[in-house]
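Please take these sequences and the hints and turn them into a complete structure.
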Amino acid sequence: MASMNVQAKALPPLRRPNGWRTAGRVLVRKPGRIAGLVIILTFVLMAAFGPLLYPATLPSDAAQIYAPPSLAHPLGTDFQGTDVLAEIITGARFVLLSAFLAAFFTVVFGTVIGLAAGYARGLVDSVLMRITDVFLTVPQFPLLIVLSTVWKFSSPLALGFVLGITSWGGLARAVRSQTLSLRERGFIEAARGLGLSNRHIVTKEIFPNVAPFVVMNLLFATTGSIYSEITLFFLGIVPFSNNNWGVMLNMAFFQSGAMYTTSGLLYLMSPLACIMLVTFGVVLVLDAVDEIFNPRLKGV
Amino acid sequence: MKSRKIKMIAAGSALMTSLAGLSAMSASAATTVPPLATIAQITQGAPMNMFNPNGLKWGALDEMPLAFPKNTADMSAFFPGLAKSWKITNNGRTVTVFLRPGAKWSNGQPITATDLVTTAACEFAAGWIWWDLGSVKAINQYEVQYTMAPGAKFNIFPFGVLTQTIVPTSQYAPLLPKNVWTLIKQSQYAGTDKAQLALQTKAQADLTLLGKKISAFAPKTDVSSGPFVISGVNPGEAVLVKNPDFYGAANIHVNEVVLRNYTSNQGIWNYMIGGQVNQATSSMPTSIKQRAAQTPGNVYYQVPSYYANSLMFNEHVYPYNVLKVRQALAYMINRNTVQAIGEPVSGSPVKYIDGMTNQQTSDTLTPAEQAQLTLYRYNPAKAAKLLESAGFKKVNGQWELPNGKPWTASLYVNSSYTDWVQGASVVANQMTQFGIKTSPVLIQPAQFATEQSQGKFALSFWTIALGPDVYWAFGRLYGGLDGYNMIGGKLSYTSSVSKGNWVNFPQTVAIPTYGSVQPGPLTNNLAEAMSPTVLHSDTAKLALVSNRYLPAITLWSGMQAGFVNTTNYTDFPLHSSPVMLAGVGFYPPVGFWMLQGYIRPKS
Amino acid sequence: MNYLKFLAKKLLGGLAMVYVVVTFTFFLIRLMPGNPVLARLTSLLQSGVPYQAAKQQVAAMYGFMPHGPLIVQYFDYLGQLLHLNLGLSIAYAGVSVTHILMSAAPWTIFMVLLGLFFSFILGVAAGVVAAVWRNSIIGQSSTFLATLLHGIPQFMLALAFLYLFTTEWRLFPFGAPYDAAIHPGFSPAFVGSVAYHAILPILAYAISGYGGWTLAMKSSVISVLGDEYILAAELRGLTRGIRIRYVARNAFLPLFTSLTLSLGFMFGGAIVIETIFDYPGLGYLLNNSIGAQDYPVMQGAFLIITAAVIVSNILADLLYSLIDPRIRRA
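Chains as they are written, first to last, in our numbering: chain D, 1 to 300; chain R, 1001 to 1603; chain X, 2001 to 2330.
Honestly, the hints are just simulated from the structure, not real lab data.
Honestly, I wouldn't trust all of these hints.
[What the hints assert, rightly or not] One-sided excerpt, in silico: chain X residues whose CB lies under 8 Å from chain R:
{"#": "1", "residue": "A2053"}
{"#": "2", "residue": "A2059"}
{"#": "3", "residue": "A2091"}
{"#": "4", "residue": "A2093"}
{"#": "5", "residue": "V2095"}
{"#": "6", "residue": "H2099"}
{"#": "7", "residue": "T2167"}
{"#": "8", "residue": "A2181"}
{"#": "9", "residue": "D2278"}
{"#": "10", "residue": "I2290"}
[As the list claims (entries may be wrong)] Calculated Cβ distances over 12 Å to all of chain X for the following chain R residues:
{"#": "11", "residue": "A1381"}
{"#": "12", "residue": "G1397"}
{"#": "13", "residue": "S1495"}
[Said to hold, decoys possible] Only pairs whose alpha carbons sit at most 30 Å apart, straight line, appear in this in silico DSS-like list of lysine-lysine:
{"#": "14", "chain 1": "X", "residue 1": "K2055", "chain 2": "R", "residue 2": "K1499"}
{"#": "15", "chain 1": "R", "residue 1": "K1194", "chain 2": "R", "residue 2": "K1153"}
{"#": "16", "chain 1": "R", "residue 1": "K1213", "chain 2": "X", "residue 2": "K2055"}
{"#": "17", "chain 1": "X", "residue 1": "K2055", "chain 2": "R", "residue 2": "K1178"}
{"#": "18", "chain 1": "X", "residue 1": "K2055", "chain 2": "R", "residue 2": "K1490"}
{"#": "19", "chain 1": "R", "residue 1": "K1499", "chain 2": "D", "residue 2": "K152"}
{"#": "20", "chain 1": "R", "residue 1": "K1153", "chain 2": "X", "residue 2": "K2055"}
{"#": "21", "chain 1": "R", "residue 1": "K1456", "chain 2": "D", "residue 2": "K152"}
{"#": "22", "chain 1": "R", "residue 1": "K1437", "chain 2": "D", "residue 2": "K152"}
{"#": "23", "chain 1": "R", "residue 1": "K1393", "chain 2": "R", "residue 2": "K1405"}
{"#": "24", "chain 1": "R", "residue 1": "K1456", "chain 2": "X", "residue 2": "K2055"}
{"#": "25", "chain 1": "R", "residue 1": "K1194", "chain 2": "R", "residue 2": "K1178"}
{"#": "26", "chain 1": "D", "residue 1": "K152", "chain 2": "R", "residue 2": "K1405"}
{"#": "27", "chain 1": "R", "residue 1": "K1202", "chain 2": "X", "residue 2": "K2055"}
{"#": "28", "chain 1": "R", "residue 1": "K1194", "chain 2": "X", "residue 2": "K2055"}
{"#": "29", "chain 1": "R", "residue 1": "K1185", "chain 2": "X", "residue 2": "K2055"}
Don't be surprised by glycine CBs; every beta carbon is placed ideally from N, CA and C.
Here you go:
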């Protein structure tokens, strides 16, 4: 597959980037990268501490339905007079936590299976790759919908797991092809010659060389998972009992007709804007990560 | 059906090859009036068969009942349909229907007594007889006599007879075996003879198989007894053209009707705001009403309709089997606020929590009887007192059960009902503020219905007080869902969740004035009693039971609210309350409106 | 010979995949909670039908529900599947699932493929521009636009289109695949009506895929630009136009294989786009069948969507092997 060719060409150089100093230098090279980092940190803080700022259930107020923005309600209010800003802040934790867990599971499954297949080769490789093919072919979203009928994955961990298990295929393939090519390099041959255990070779020699690629995928998978989970909530497929941005979108669009009024528009647009902001933050930071690990790209 | 399928695929593939530059061809005939548009649920591949739950058949458009109920408290008031007139004799046990001579199906064949007999046979097989029909007899070509089953008691039997929709013999008779009436007779056997009982079992099995065939039946063409007939249908819309053979065709001024598919209220709002339909109703927030009112030609209307959305308890589940808990909830929920958010446009908060709507309460109960009802005005302090007296404690703002565990709750709603969803989120909010941590849980429709009937929800939303008949209203509380079912002509009771009892209200309760009463048999008596005095006193008792013991907390009752669009059509019956009221009975109502001579194209 | 072998291998792989999906959904569905029969019974009781009549009606509607040991049901299902018989719908009370799917599938397949086609062509063109002129304002704005569109979730685009073009400006219809008053056939009126109704969903597919193709093509072009033969071409004094054509052709090939990956995404997107536009295709059907607990339809819709992806994959592979013979030999 040609996508592998591209990755093989961009194989990381066999040396570690020299620490935080490089990272810092790369970051400040473009102001956008700092902005990206700031955005991500803001949302992470929001997810960590936001829910502590508000009561567990946000108060509603029938006299304040779709109130315009004001000092008390900077983003206006929703269909039941609840402050939209408060909903955004308290809703961040679920979204980001489950997206991060999803990305984590994606990366773990993808890396482990890719490494195993690429290093073991032979029968293990072909069995693992056939399984990977199935996961790559079956469209993720319909699969999630079908799974949702059996399994109520509404906790962040369950949702993260189910998103992770349905989206590791691409990463596994790429990690496998890198492993295959690393395997043939001199230093791995040497390690084998020295009689080092397979476990040592895979974890200490090969993994560090695919790690940068894995880190980038962790970021990618985070944004991908945000989209998937928000879409699941938006369509109302996962039963929801907590507040998060996807639930807000479902309520705004399907339940309360926020799209059709100027005053309700902020309620609909706020979670959308947050999703976009997080995505752009990640894209900007990815740019920097890319350069840290692949200095060759600097000029491009 | 096969040929159509192939055509659609061919059309699809043709498009893949030749799409360029065709987008401009759509707006063609601009001089004629566009078809009258309204909304309906049109499902992909559904048959044009009313026995199918998704069937492409719409009342007063391409199918007709014998008569249209007026939808008032008087269950014997009708507008005539295929029946020109009828006669009720034998103390309501026999109904004789007189058809309109000369009425025709859209294939040109006359509508006769044979069609009515065929319809009854199909209804028996498909399990559609809910009104205790015993036998049917064609007296002559235009006269049919229906008799109630011997031993059965049902005071709205005539209602059941007259609201039947008739299917054409030409389409359905070929499905029926020659001995269908013998099978029906055998299946109705009520004695103890072993041989007869064996025959009965076999006949019932045969009828079930036949019913399956009838439900799945997919006729190739639409044969209509109504003013319109389907001329084209695709998975998203149906076009119906005027049926020239319809008996009242001269009175119909519209040539073409288009039904647009919807799956959610949001879809309906889009149609209304876009001015794409001439009539649509939907539950809607104020913002939608205001926005749709700005669309040129749109006129808002609302019609009284009998229902109340409620918070329903499953008394299998502690602590909701504790009366004081239910009463405390009734005091701490602010119904005005719940209505203002759940159904702001056409709702009104329920005044008396008594299992009926405000309208029905004032129609049926005397002022003295109304005065006996507790009002449950919003009073959190009183709610707290009630809970404390039942051993509950409030610790750090959170209520704890008498055993010291925190009291938390989930409130389940059907995610496709926007009014429920919004109302439930307010109720949950109020409960949480009061100190019972509650979250609303939205569940997809069919799953909601299943799990609710399996008793999985301690607290859920539910529509009760369905009128106009009081039996229907109280049947929602003390009927099948509370374990009471008519089996073999006798009222039986089960307390088992697995057999469908998910309300589990006590079988006997004591109320002031009347003493000890049994709500199940009382409710059943509402269907059987013929005497108005008995009906009245039973109603009063049940209202008092529902008010004092709260199997459900009614929150708001609603009107049916919607818009008509008058850009191309005029003369909607918005000011004729009898016509509008009767139109609420089915959807879409435009067919019925046209039958009454309304709706004309603008010249 | 080689080519036939290649073809056979691909087809076998595809069949194996279909088998896996069939087996997976079959057993998954048997795990499902809830009971459609009970749901129907409740809704009849709700509407005032007495218990006995309701029981009989439900028995009539669901007499076809499968019984017997799971493994027997499984082989029965496989056997029926070979005859393209996917069972009977629950929500439609016994109408054949194949019939229901056939009325939905053409719409989805035609829209997804057209959407993919447009996003691919436009994206690739924009990618070349973004790479070749990457230091000019044109190239940079092309990259920016692609990044922006790539970052917008599909449902947001669809929502915006729905609001702007059907409500705010009322330029396009929604909710039906064509005007039902027009008789289906090869008439210009029918084809025009289908196109008119499909424009918004196709646009939503095309734009949501566009950004990804642009970015992929850009990076592919840049990596080809660094290759020696391009340098050689430059040294030999070939014109800029010819060089760009060289580059584009070579950069284009690797993208072609990504098509297979994006097919899954595109067909999956049908659920979102069709639900928002109320466009009655497979995704809409799948989503609704879940709401109605209509498992046979759900199973069928999922199977058809997956099969569409598999078949398109095979087609893309074959096409690729025609363009680039090295693949067949590999």
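Tested hints:
1. The criterion of a C-beta within 8 Å of any C-beta in chain R is met by X/A2053, whose closest approach is roughly 5 Å, and the hint holds.
2. Interface hint status for X/A2059: upheld, as the beta-carbon distance to the closest one in chain R is roughly 5 Å, under 8 Å.
3. Restraint check, X/A2091 versus chain R: the minimum CB separation of about 6 Å is within 8 Å; hint holds.
4. With its C-beta approaching chain R no nearer than about 4 Å, X/A2093 sits inside the 8 Å limit, and its interface hint holds.
5. For the restraint placing X/V2095 at the interface with chain R, the shortest Cβ-Cβ distance is roughly 6 Å, inside the 8 Å limit, so the hint holds.
6. Residue-level restraint check for X/H2099 holds (minimum Cβ-Cβ distance to chain R is 5 Å; threshold 8 Å).
7. With 8 Å as the threshold, the beta carbon of X/T2167 comes within range of chain R, its nearest partner Cβ sitting at about 5 Å, so the hint holds.
8. Nearest Cβ of chain R to the Cβ of X/A2181: about 4 Å, under the 8 Å cut. The hint holds.
9. At about 5 Å, the closest approach between the beta carbon of X/D2278 and any beta carbon in chain R falls short of 8 Å, and the interface hint on this residue holds.
10. The restraint placing X/I2290 at the interface with chain R holds, with a minimum CB-CB distance near 6 Å, inside the 8 Å limit.
11. Listed as outside the interface, R/A1381 is consistent with that label: its C-beta sits roughly 37 Å from the nearest C-beta of chain X, beyond the 12 Å cut-off.
12. Remark: the non-interface label on R/G1397 is consistent with the geometry, its nearest Cβ contact in chain X lying 36 Å away (cut-off 12 Å).
13. For R/S1495, the shortest C-beta to C-beta distance to chain X comes to about 15 Å, beyond the 12 Å cut-off, and the non-interface label holds.
14. Distance check on the hinted pair: X/K2055 and R/K1499 sit about 12 Å apart at the alpha-carbon level, within 30 Å; holds.
15. With a C-alpha separation of about 26 Å, the suggested pair R/K1194 and R/K1153 falls inside the 30 Å cut-off, and the hint holds.
16. Between R/K1213 and X/K2055 the alpha-carbon distance is near 16 Å, which keeps this suggested pair within the 30 Å criterion.
17. Between X/K2055 and R/K1178, the direct Cα distance comes to roughly 25 Å. Compliance with the 30 Å bound is thereby established for this hinted pair.
18. For the hint pairing X/K2055 with R/K1490, the CA-to-CA distance comes to about 16 Å; that is within 30 Å, so the pair holds.
19. Only pairs whose Cα atoms come within 30 Å are accepted, and R/K1499 paired with D/K152 is accepted, the gap being roughly 26 Å.
20. About 20 Å separates the Cα atoms of R/K1153 and X/K2055, which keeps this hinted pair within 30 Å; it holds.
21. Between R/K1456 and D/K152 the CA atoms are separated by roughly 15 Å; this keeps the pair inside 30 Å, and the hint holds.
22. As the CA atoms of R/K1437 and D/K152 are separated by approximately 21 Å, the hinted pair is consistent with the 30 Å bound.
23. Restraint check for R/K1393 and R/K1405: the C-alpha separation of about 10 Å stays at or below 30 Å, so the hint holds.
24. For the hint linking R/K1456 to X/K2055, the alpha-carbon distance of about 21 Å falls within 30 Å, and the restraint holds.
25. Between R/K1194 and R/K1178, the direct Cα distance comes to roughly 25 Å. Compliance with the 30 Å bound is thereby established for this hinted pair.
26. Annotation: proposed proximity of D/K152 to R/K1405 holds, straight-line Cα distance about 26 Å (limit 30 Å).
27. About 16 Å separates the Cα atoms of R/K1202 and X/K2055, which keeps this hinted pair within 30 Å; it holds.
28. At most 30 Å may separate the alpha-carbon atoms for a hinted pair to count; R/K1194 and X/K2055 meet this at roughly 23 Å.
29. Our distance criterion of 30 Å between C-alpha atoms is met by R/K1185 and X/K2055, whose separation comes to about 19 Å.
Violated hints for the displayed structure: none, as all numbered hints are satisfied.
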